[in-house]
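Taken in order, these protein sequences are the chains called A and B. Residues are numbered in this note's numbering as their position in the first sequence, beginning at 1, plus a constant of 5. Residues are numbered in this note's numbering as their position in the second sequence, beginning at 1, plus a constant of 356.
Keep in mind that the hints were calculated from the coordinates and are not lab data. Quick reminder that beta carbons are idealized off the backbone N, C-alpha and C, glycines included. Among these hints, one or two may not hold up.
Claimed, not checked - Reference listing, derived: stretches of chain A covered by chain B, where coverage requires no fewer than 3 residues with Cβ under 8 Å from a Cβ of chain B:
#1 82 to 96
#2 106 to 120
What the hints assert, rightly or not - With a straight-line cut-off of 25 Å between C-alpha atoms, the simulated DSS-like cross-links for lysine-lysine are:
#3 B:LYS487 / A:LYS8
#4 B:LYS482 / A:LYS24
#5 A:LYS164 / B:LYS533
#6 B:LYS494 / B:LYS532
#7 B:LYS482 / B:LYS533
#8 B:LYS563 / B:LYS368
#9 A:LYS8 / B:LYS463
#10 A:LYS8 / B:LYS563
#11 B:LYS464 / B:LYS482
#12 A:LYS8 / B:LYS533
#13 A:LYS24 / B:LYS487
#14 B:LYS425 / B:LYS368
#15 A:LYS8 / B:LYS425
#16 A:LYS24 / B:LYS494
Spelled out, the chains give:
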Amino acid sequence: MMKGWSAVYYRELLILRRKLSRLIASMSVSPLLFLIAFGYAMGKEMNIQGHTYMEFLIPGLVAMSSMTQAFAIASEINVARFYWHIFEEFQAAPISNMAYITGEVLAGMTRAMLSVVVILILGMLFGVTLSYNPLFWLAIFLNSFVFASLAVGMAMLVKSHADQAMLTSFVITPMAFLGGTFFPMDRLPDWAQNILFFIPLTHASKAIRAAAFGKQPDIFSYLLLAVMGCTFFFIALNCVNRARD
Amino acid sequence: MIRIENLNKYYKSIHALKGVTLHVAEGELFAYLGPNGAGKTTTIRILNGLTTLSSGNAYLNGFNIETHKLQAKQQSGLVPQSANLDQELTVFENLDVHGRLFGMPAKKRVEKIHELLEYVDMADRKDSLTKHLSGGLKRRVMVARALVHSPKILFLDEPTVGLDANIRRRIWGLVKKIQQNGTTIFLTTHYIEEAEFLAQRVSFLDKGAIVAVDMPQNLMRRIGTWAIDRITDNQMETVYFKTREDANKYIGGQKESFTLRRVNLEDAFLSLTGKKVL
């Protein structure tokens, strides 16, 4: 059932290794700009939930970056599928759909974890060190699982690379700005809060921020992310055969 | 080794394969010949699990491709029409990933890859990124990759399309060598001379249906041994003859220019389908 997942994952790691320096550079640009533009511009005087804005921002950037980088595996799959036709190599191999999806989701999660490490290092360079405890990492793990699974499922459904770019613009970009990344959710009107409650990034930001501030995160956020991740994973699993024809 | 029974494939309202039935014996080099759009690639894609069949059955080394998918895939290696190498990986890494996908243990995998790179004369390029290779070299890497897990059947989908004559001949030599080592080869091509040179048996596929299956010489013998091409009213007409003497007699009465030549597979295809293999 699972035989071959490591081969799929290994291939992604080889590609990741080959692009590592470029990838780290691109993973650093946006967070660096946000830290400079928002972190410095808002000043140390600005206080949110008892923390400086820079301290508030770092967990939000961690949530956002783990989401975007996990979701970026969709682009890798699409390049391999539409331009290089590597998907055919996987389909002709004696591996199950489950093994294929597992390998790709893990690759997306690995990219996400790498981007988090980049942000934490940047944060340290800006003098911000928070509590990076197991609950902090668990929330990141679940967040990346949700978005890597969503990405793999969408990569199986889209018919072109342009479709994928459109999905990113309509799904990921709004979430990145509205999911509690840059500002506290409680400052939004109730109707907006009610809508944003259904966005996984909202729960990831909440959990990551609470854990990073040494508080007890809401267990519901973890459960919700786990359920969403499993749901997207099984949807992705059922989409593989649709990508074949 | 390969058994296909009444295979049908529909793409919405298009009937792409119409009841294809075939049997390819162990160790045979079989050519699947037809014009573009005849259904050659569709057949290969179905047999390799890249697309689903609409009805019928197919078996690779006794394993049903629908009910025993993974075992069936283990029996075959595929060299697809378009280059599908990982451009960011080296030659060795491409073969290594393939071996891992087929569950080969590390030691055996590495040994086999080195052996195959020698076999296709690419040992000195093992650390080259595949994006830096020429079309012919890429094709050789694809052949080597398809052989890493020692498949019993090798599917070659238009293996020499887009390659120049020299490289094409070199690939033919490689294909012959693979077959001589006991691998069953299923080759699709629209190059008549490729099928004539390589195949022990040939099938003609036209509009998704098989119109003939036989040894190349038998297919050609059906229409004669000699052919005369002559141009009349700006149209080329070909006349076939059983013997050279019959052809000579015909030439004696001709006023237009003509060419006398031996019958080839193209003639056989033309006489059976009314069209050229393009």
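Which earlier hints can't be squared with this structure?
2, 3, 5, 10 and 12
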